[in-house]
Amino acid sequence: MQTNETPNLSTMKEINPATNKTSSNSFIDWKAFRKNRLGLVSLFVIIFFVLLALTAKWIVPYDPLTQNLLEKFQGISKEHWLGTDLNGRDILSRIIYGTRISLLIALCTVMLGATVGFAIGIIAGYKGGLLDDILMRMMDAIMTFPLLLFALMLLMVLDSGMTALVIVISVGMIPGSARIARGTTLDIKDREFVKAAKSMGSSHLRIVLTHILPNIITSLLVVATMNMSLVIMTEAGLSFLGVGISPPTPTWGNMIRDGFTFITLKPSLALYPGIALTILVIALNLLGDALRDAVDPHLKGQKK
Amino acid sequence: MGVLLEVKNISVGTRRNGEFIGILENVSFKLNKGETVGIVGESGCGKSMTALTIMGLLSKNIFVESGTVNYEDKELTKLPTTELNRLRGKEISMIFQEPMTSLNPSFTIGNQLAEVYKHHGNFSAKEIRQKSLEILSKVKISDPEDKLKAYPHQLSGGMRQRVMIAMALACSPKIMIADEPTTALDVTVQAQILDLINELQAGFNTSVLFITHDLGVVAETCHRMIVMYAGQIIEEGTVAEIFDHPSHPYTSGLMLSAPRLGSAIKRLKTIKGVVPDIDNMPTGCRFAPRCPYATDICFEKAPFLEKMSETRGVRCWHKL
Amino acid sequence: MIKYFIRRTLLTIPTMFLCITIIFFCLRVVPGDPALIMLGENATPEAVEGLHKAMGLDKPIWEQYLTFLNDTLQGDFGKSIYSEKSVSKQLIEAFPHTFNLALMSIFIACIIGIPLGIVSARKHNTLFDDGLRVVSLIVLAAPAFLVGIFLLIVFSVQIPLFPSMGVGNGFFEKIYYLILPSITIGTGIAAALIRFMSSSMIEEINKDYIRTVRAKGIPEKLVFYKHALRNSLIPVVTVIGLNMTGLLSGAVIIEMIFSRPGLGSLALDAIFARDFPVVQGSLILFMLIVIIVNLLVDLSYSLLNPRIRQS
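As given, the protein sequences belong to chains A, B and C, one line each in that order.
With the working numbering as the guide, the letters of the first sequence map in order to residues 1 to 304.
With the working numbering as the guide, the letters of the second sequence map in order to residues 1 to 320.
With the working numbering as the guide, the letters of the third sequence map in order to residues 1 to 311.
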């Protein structure tokens, strides 16, 4: 209906949307989420990948590292569903093991990057002033680095390996998370319920923990999901360039790299891990979208 | 006085889960040449919707279920957009409530004004400029030359509303619909804009459909008035008639709730309750739940709009 | 307006300074002796010592920093350890190839992304719109290097339509050599643009001023292509700018796949060869490009948006 006046929301502002007892404890509207079919499907796809990763040891038909030169470059067959590679290793088994690395790296990186980024963002937003300026300028500076080159450079000086890879890629995740956390903090900081808490003598730490953090946790979930796809792509890119996890460990990036060498001979070597990667990334993107859309409208209104 | 625009039994609504939900119900009225008619009511009563229906500007999910809007020999609700565009802005124009957001922020005033001339006539660039300057000075904008080059955000709310009026009057339309043109403005600016509309209405001999919730504005500008409640017309008549003797309890309530100069009443009366939800309309009279005079019949049977004279009509079982 | 331009331009200086500092310290402070890394684990102490002197690594870190800052400001990035060629010279040689690739990629992204985004907005909630969304989702998710590899195989190896490596000479040949790599990068950006353009357009078309325009009797085509388009393009410019960093990262891999001697290849080769001065120089140049592009995006944003322009 065409109404001329916007509804008066002033009464709602008194309530901390995140700790509002009348709504459910989570700030994601699961009812709305359940209606989002694409989001649900992608959630199942991701669960499928996670299960693959967790049970890889028991379900793979072959050991991903065992070479069998007699069976190299085989096509699709009953024994090898997706064929074998240059060293006669089973491609399906390697893809399943690759899921493990990709998901593990993605999870660690995103958690690390988001935690640091959120801490910086909350401090910058809460304290304001010069500290805010300095921190956010630094975030801007990091944002101007091409992530891939930066990672390459650092991996060159650090020893390449899982830990280094996680730390390096997570640096790239920090500025985005910091910006979101800062925005939310700035917004909540001046709300009535925070002022009320302050006037009642709550400590800064307490205000951050009880009022600001719960409001940001939801954003964390959304940002983390969306960043995961970026991390997976970056990791694959680095592995493809030969500075990620060193072979023969099966990662999707390594497999695509190996496949690139024989691309004219057997394009499927690079194609299959590429497809797996693409499916996972699509699913993560869609889940991120669905989560963002399902974020409690109370929270949505805050982020402007 | 000939009839210029006739709205006949218009019902407008939306469809939810296949079910029709009415917003306007059987709205009918006429607008005569050179006349100013006010439509009054609380927000959400359907007065803006009526205006948008005439202009063919309803949003996609809202549609005309039945009824006609006749202008000259044309039926506006059935007219394709291209035909409608020949009338809109030229013969029927409209000004809106929010001058702050009603102009495109990315184009100059001159550009947005020139558009009207470009699409409703064959003018050279020079003529358009000349005409633009003329109309801007007619709406009493100082330094029209500078204002042509200005962007909307550089003008105050009152100035923007003057620009809106200038755009609406650019082609000397036969009908101008003003949807709460003064609501968003300061009180002093309100008075200026009202005077301007009155003056221009006389000068251009334009018929005006004036939509407002402010009875004072109606008294000042209109010849006839229509009172709407919950999507229905509940009372109509000349301004003098209704102000003299409101027949519907709602109208009388509105009058009591409006501050009046020299009134002895210290406290303004308010009408208790709120406008009913469109999903949940009362079966009888729509005002009954809030009406101090309501009896059983009011809750059981919906009253009809009873013609009392040539100009007068009331929808009530217990006319005051 | 001019004030804003000057202020915005001056604001880039601290950012540049900060970036240069971060690059310097990342390369110096992280564990590992650059000289040792360059020469390999089996280098003699004398050789390490000599390289230290040559690179100025024997001096205290703040002095190194100041020298570095001074040299950088003068555009002197030192010499390549292997080829002995001046780094600046190498950068200048490689830059046009990357610049052309970036320009062409953005061009392709715009000619695909903006019209399709508009169509998607006009046909919102139709089968066409849904189909477009699915396609852009897949393109967005497929890693650029994979797309590049397969474009290379199909259109250069299987069907030899396009060259598989090099950059070509002369204007038309250069463009010919650019087609495959820039399609690889461009389609990825286009996919993002479609979604953004579409949502931006839908947001604009529901605003109040559109109703005013319609009330003036302006044809529906102009309502879309004049009024809504201008306003919805404003945020899109920002998105194109934001993609610049990603584009440069993408260029590194794409240049490698298509063997283009651009900045990405230069940096990549230098990283693998542990050629510190070249790595440092190309990182600074990359960063400089991003900062300048961001500046240009902000300035063009203000040109498009009169609200900023006038204040």
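If you're looking for bench data, these hints aren't it; they were derived computationally from the structure.
This one's a predicted model, so the numbers in the text were calculated from it and none came from an experiment.
Hints may contain errors.
Unchecked claim - Derived pair list, reagent style PhoX-like, types lysine-lysine, alpha-carbon separation capped at 25 Å: (1) C:Lys207 to C:Lys123; (2) B:Lys60 to C:Lys221; (3) B:Lys60 to A:Lys35; (4) B:Lys60 to C:Lys207; (5) C:Lys226 to B:Lys118; (6) C:Lys59 to B:Lys78; (7) B:Lys78 to C:Lys221; (8) C:Lys207 to B:Lys90; (9) C:Lys123 to A:Lys35; (10) B:Lys118 to C:Lys221; (11) B:Lys30 to B:Lys78.
Stated by the list, open to error - To be clear about the criterion: a stretch of chain C counts as covered by chain A if any three or more of its residues have a C-beta under 8 Å from a C-beta of chain A, and this derived list gives those stretches: (12) 117–129; (13) 163–171; (14) 183–196.
Beta carbons: idealized from backbone N, C-alpha and C, even for Gly.
Each hint, compared with the structure:
At most 25 Å may separate the alpha-carbon atoms for a hinted pair to count; C:Lys207 and C:Lys123 meet this at roughly 18 Å. The suggested pairing of B:Lys60 with C:Lys221 holds, with an alpha-carbon distance near 17 Å, which does not exceed 25 Å. Restraint check for B:Lys60 and A:Lys35: satisfied, since their Cα atoms lie roughly 24 Å apart, inside the 25 Å limit. Of the pairs offered as hints, the one joining B:Lys60 and C:Lys207 holds, with about 14 Å between alpha carbons and a cut-off of 25 Å not exceeded.
A distance of roughly 14 Å separates the Cα atoms of C:Lys226 and B:Lys118; the hinted pair therefore holds under the 25 Å criterion. In summary, the hint linking C:Lys59 to B:Lys78 is not supported, as the alpha carbons are separated by about 86 Å, beyond the 25 Å threshold. Proposed proximity of B:Lys78 and C:Lys221 is supported: the alpha carbons are some 20 Å apart, at most 25 Å. Using a Cα cut-off of 25 Å, the hinted pair C:Lys207 and B:Lys90 holds, with the two alpha carbons roughly 22 Å apart.
A C-alpha spacing of about 23 Å is found between C:Lys123 and A:Lys35, which places the hinted pair at or below 25 Å, so the restraint holds. Under the criterion of a C-alpha separation no larger than 25 Å, the hint pairing B:Lys118 with C:Lys221 is consistent with the structure, at around 15 Å. As the CA atoms of B:Lys30 and B:Lys78 are separated by approximately 19 Å, the hinted pair is consistent with the 25 Å bound. Figure legend: the stretch 117–129 of chain C, annotated as covered by chain A; annotation inconsistent (0 residues with Cβ-Cβ distances under 8 Å, at least 3 required).
For the stretch 163–171 of chain C, the assignment as covered by chain A is violated, since 0 residues bring a beta-carbon within under 8 Å of that chain's beta-carbons and 3 are needed. With a cut-off of 8 Å between beta carbons, the stretch 183–196 of chain C has 0 residues touching chain A; three or more are needed, and the interface restraint is violated.
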